[in-house]
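J.: Those protein sequence lines, which keep their order, are chains A and B.
Under this note's numbering, think of the first position of the first sequence as 1, with each following residue one higher.
Under this note's numbering, think of the first position of the second sequence as 1, with each following residue one higher.
The hints are simulated quantities; they were obtained by calculation from the structure and are not laboratory data.
Among these hints, one or two may not hold up.
[To be verified] Listed below are the simulated EDC-like cross-link pairs for lysine to aspartate or glutamate, each with C-alpha atoms no more than 20 Å apart in a straight line:
no.	chain 1	residue 1	chain 2	residue 2
1	B	K347	B	E358
2	A	K91	B	E224
3	B	K390	A	D85
4	A	K84	B	E221
Quantities reported herein were computed from a predicted structural model and do not represent experimental measurements.
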Amino acid sequence: MGYSMLRIIISVILIIISCVWMFMGINEYGMWIPGVSADTGFIPTVFGAIVLLFSVVKLVKDIKTYVASRQGEATVEKSAVSFKDVLVKLKPLLPAVTAILAILLIKFLGMVIGTYLSLFFYMKVVNNDKWIKSLWVTAVITLFFYAVFVFWLKVPFPRGIFGI
Amino acid sequence: MSNFALLAQGFVTAISPMNLFACLIGGIIGILVGAMPGIGAVAGCSLLLPMTYKMNPTTGIIMLAGIYYGNMFGGAYSAILLNIPGDSSAVMTSLDGYPLTRKGHAGQALFNANISSFVGGFIGILFLTAMGPTLAKVGLKFGPAELASLVFMALTSIGWLLGDDPITCLIATGIGVLLSTIGIDQSSNHFRYTFGSMKLLAGINFIPLVIGMFGLSQVMEMLEPEDPDKKGHDYAGKLRIKDSFYSFKRFLQLLPVMIRSAVLGMFVGFLPGAGGTTGAFLSYILEKKIGRHKKEMGTGVLEGVSASEAANNAAAAGAFVPLLALGIPGSSTTAVLLGGLQAWGLKPGPLLYEQEAEFVWGMTASMYIGNIMCVIAGILVIPILMRILKVPKKILAPIIIGVCVIGSYSVGNSIFDVEVMIIAGIAAYYMKKSGYPMAPIVLAFVLGPIFELKARQALEISNCNLLIFVQKPISAVFLGITVILCLAPVVMNIVKKAKAKKA
Chain A
1 MGYSMLRIII SVILIIISCV WMFMGINEYG MWIPGVSADT GFIPTVFGAI
51 VLLFSVVKLV KDIKTYVASR QGEATVEKSA VSFKDVLVKL KPLLPAVTAI
101 LAILLIKFLG MVIGTYLSLF FYMKVVNNDK WIKSLWVTAV ITLFFYAVFV
151 FWLKVPFPRG IFGI
Chain B
1 MSNFALLAQG FVTAISPMNL FACLIGGIIG ILVGAMPGIG AVAGCSLLLP
51 MTYKMNPTTG IIMLAGIYYG NMFGGAYSAI LLNIPGDSSA VMTSLDGYPL
101 TRKGHAGQAL FNANISSFVG GFIGILFLTA MGPTLAKVGL KFGPAELASL
151 VFMALTSIGW LLGDDPITCL IATGIGVLLS TIGIDQSSNH FRYTFGSMKL
201 LAGINFIPLV IGMFGLSQVM EMLEPEDPDK KGHDYAGKLR IKDSFYSFKR
251 FLQLLPVMIR SAVLGMFVGF LPGAGGTTGA FLSYILEKKI GRHKKEMGTG
301 VLEGVSASEA ANNAAAAGAF VPLLALGIPG SSTTAVLLGG LQAWGLKPGP
351 LLYEQEAEFV WGMTASMYIG NIMCVIAGIL VIPILMRILK VPKKILAPII
401 IGVCVIGSYS VGNSIFDVEV MIIAGIAAYY MKKSGYPMAP IVLAFVLGPI
451 FELKARQALE ISNCNLLIFV QKPISAVFLG ITVILCLAPV VMNIVKKAKA
501 KKA
């Protein structure tokens with residue numbers, strides 16, 4: 001998926017979001033209480049309309065760009081998209097995957113073990129670092145977080161099944 | 001007795017060993033807390049407030065004030081080094097601070113942030129000393145209509161000032177406001193856009209949103225196949241401490257930027273409810289309109305860092321004006337400080353300057369000392385901070401992910417905040433790929449609720465008469481400036497085209 005298609009998808013998502021905001025603003029929350037004040041839905045509807053208007057303008061521009069780029073590509077011989085290409089495109093999502101893993105592990109195993117394992121996953125799987133390096137670097141980072149957030153700032157993290 | 005004579009007496013109180021120690025500790029804690037995304041001045045002051053109850057009120061407020069303005073110093077560090085603003089008021093700092101880091105000038109950006117914070121803070125405190133009670137009276141002239149118009153001016157300016165494409169900027173501004181409407185409506189106390197989720201009742205927290213948009217999306221960009229910095233920090237190799245400092249001549253070039261930003265930031269700071277973020281943003285706009293380097297703003301120039309940092313520090317000092325003279329907190333942090341003052345049995349208001357002169361002037365004097373302590377501490381930590389950039393990117397990435405997760409959780413001790421951070425990070429990554437700037441979203445997220453609250457209050461006062469915004473002279477001036485600012489580029493474009501046709 002090229003950037004021009006991504007732009008179209010984002011414009012469409014923004015149009016949907018703005019329509020939902022406007023619809024709920026007008027129908028559920030109300031716009032105006034005559035003689036009193038603007039109602040709960042007034043500002044969301046106004047800004048929803050702004051987002052809608054400019055997103056439609058942008059969508060038209062994006063479609064034009066997309067059509068132009070497709071016409072340009074038509075003259076070039078297309079090569080098949082391999083599985084490897086897809087993986088490379090999805091690689092930037094790995095930090096988010098690590099963060100999701102961290103949430104799950106922290107919930108069940110507590111802050112110390114959860115943070116350690118999720119960051120170890122990043123070092124070993126994403127960075128492809130050596131075992132020893134991954135183990136000690138992750139340990140230092142976890143220790144730092146523990147010292148600052150748990151020991152000093154006393155943030156009450158989940159303790160997990162091991163109670164730490 | 002003049003204010004400066006009273007200040008001299010205040011210094012006698014402030015330089016007692018206990019007060020000096022409280023000032024130092026407050027400043028250092030403020031810097032540390034500000035540099036760590038997810039904590040912020042409000043949380044820092046709230047966490048330490050109970051600790052100060054056993055202290056003398058003057059010592060207690062000196063420590064809390066130290067945390068507050070120390071936080072303004074520290075907020076810039078993570079914005080400059082990691083592109084993660086430590087607090088909302090540092091969002092504007094990241095616009096030029098982080099590009100400076102990428103150019104290999106992280107040290108200069110940090111040094112300049114410290115110097116600008118110092119100058120801004122100093123000017124703010126000077127105004128507080130000379131005209132505190134008078135300024136508070138001026139602040140009272142800013143009713144809901146005036147504040148709504150001021151914030152409206154800021155909101156409409158975001159669109160065409162912060163990016164190359166005004167359309168994407170306007171959409172981003174709108175999205176920021178829409179996101180800010182989730183949760184409880186401040187005016188009617190009704191819930192909005194929660195979609196039946198209990199977790200959304202309190203709305204979206206600012207810090208997880210900004211951490212995701214700036215921090216997580218940053219790490220995601222590091223894993224792109226075409227990432228220009230993939231081979232490591234090409235800017236890390238060039239870092240030398242001695243390159244961090246600039247000449248006195250360069251300081252003199254930056255001084256006018258610092259002064260005008262500080263004056264504007266101070267002015268916004270003493271308006272109840274406007275806050276340091278609005279001050280930093282308006283100063284950045286001012287610099288982008290009239291500065292010598294207006295065309296390079298946003299690409300990594302020291303003027304951008306100076307404008308933001310001088311303004312938010314001056315605003316922090318300015319926020320003490322309505323707090324002390326009127327008993328009105330100008331920001332969330334000063335609301336915590338107000339709680340502290342009341343707990344100590346003090347009654348902020350016009351009589352505070354007369355009845356508790358020792359307390360007021362002792363605290364004001366300590367702010368001068370604390371500002372000097374913070375700038376010294378800030379400059380001393382530059383070598384340590386710069387070591388962060390020498391950490392290889394492969395190790396820096398998991399550290400940033402850890403900061404994102406743990407920092408987001410710390411805001412409200414909630415896993416939901418971490419989920420918000422992740423969703424914001426993924427959305428920001430793809431939006432950035434599509435050309436949407438992130439700064440307008442976070443700024444509008446902060447300014448949107450202020451605008452809505454004040455605009456609706458103004459309408460309530462006037463029985464729903466929209467003309468209130470033009471009937472009030474100050475409000476009308478702001479709206480006039482907004483119209484001029486919006487039409488100026490269009491008119492300039494027409495003139496340019498007409499000239500080109502003639503040629």
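J.: Starting from the hint list further up, note which numbers the structure goes against and sort them upward.
T.: 3
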